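Peer 1: Residue-level listing of the chains:
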Amino acid sequence: GENVEQHPSTLSVQEGDSAVIKCTYSDSASNYFPWYKQELGKRPQLIIDIRSNVGEKKDQRIAVTLNKTAKHFSLHITETQPEDSAVYFCAAGITNYGQNFVFGPGTRLSVLP
Amino acid sequence: NAGVTQTPKFRVLKTGQSMTLLCAQDMNHEYMYWYRQDPGMGLRLIHYSVGEGTTAKGEVPDGYNVSRLKKQNFLLGLESAAPSQTSVYFCASSPPGSSGNTIYFGEGSWLTVV
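Those protein sequences? They're chains A and B, same order as listed. Sequential numbering from 4 applies to the first sequence in my numbering. Sequential numbering from 196 applies to the second sequence in my numbering.
Please note: incorrect hints may appear among the correct ones.
The calculated SDA-like cross-link candidates involving lysine to any residue, where the alpha carbons are at most 25 Å apart (straight line), are [claimed, not checked]:
(1) B:K266 to B:R239
(2) B:K265 to B:G235
(3) A:K61 to A:G4
(4) B:K266 to B:E302
(5) B:K252 to A:P108
(6) A:K61 to B:V309
(7) B:K204 to B:P256
(8) A:K45 to B:L217
(9) A:K45 to B:P234
(10) A:K45 to B:T249
(11) B:K252 to A:Q102
(12) A:K71 to B:T297
(13) A:K25 to B:Y299
(14) A:K45 to B:G248
(15) B:K266 to A:L49
(16) B:K209 to B:R239
(17) A:K45 to B:G211
(18) A:K45 to B:E302
(19) A:K71 to A:A32
(20) B:K204 to B:G235
(21) A:K45 to B:R206
(22) A:K45 to B:D221
(23) A:K74 to B:G253
(24) A:K25 to A:T68
(25) A:K74 to A:S29
(26) A:K61 to B:P290
(27) A:K45 to A:G4
(28) A:K25 to A:D87
(29) A:K45 to B:L208
(30) A:K60 to A:E82
(31) A:K45 to B:V309
(32) B:K252 to A:G4
(33) A:K45 to B:V283
(34) A:K45 to B:L270
(35) B:K209 to A:G44
(36) B:K265 to B:D233
(37) A:K45 to B:K204
(38) A:K60 to B:T249
None of these hints come from the bench; they were simulated from the model. No experiment lies behind these values; they were computed from the predicted model shown.
The following block holds chain A by itself, in its conformation from the complex:
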């Protein structure tokens, strides 16, 4: 089955700097890669996703890149702000089969003022 690793487990950046979180996956059949943000005590919420026919996707200050050959994908946050502080989860799965999503263990991002 799918195995998703995520690094780093914790990340501290100064406000205004960029943050990068990397995930690797094992199942070459996976073709859907979402990122979820979870603020303290809140539910995880989708912030961006990418499908295997796209190498990069951007939405304002966040972007995700995908390298299917190497089986890794990354989340990039530019111009970080204190409200970006949260736990971020990556996941990998097969489109049409939501129950096959496997989540990474999460990265706790702290944006220091």
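Start from chain A and add chain B according to the hints.
Peer 2: Showing chain B alone in chain A's frame:
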């Protein structure tokens, strides 16, 4: 449109007690899921359902049972609670197939077993 609603939000159980977590969604989603979240381990799938009347095991099903008698509801049961089941439980739902795979989560249920 409330999305995904879970009850209760907090519960303390004694070892051996039973309880049911209730999940309701008003988005007419076919798929529903129960996850547990433990520190450093992300979200792990307990059970899921691809439609009314169907259920299937996920990654960590032992000690739990589920039922999906109505499309909008997905119940998670603990027959004999154990301290290892202390966790935060998230219910979620998603539409099937090509209409998208975004998973919508409930607000979570904090369960402590003493």
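Peer 1: Could you work out which earlier hints the structure fails to respect and list their numbers in ascending sequence?
Peer 2: 2, 3, 6, 10, 14, 17, 27, 36 and 38
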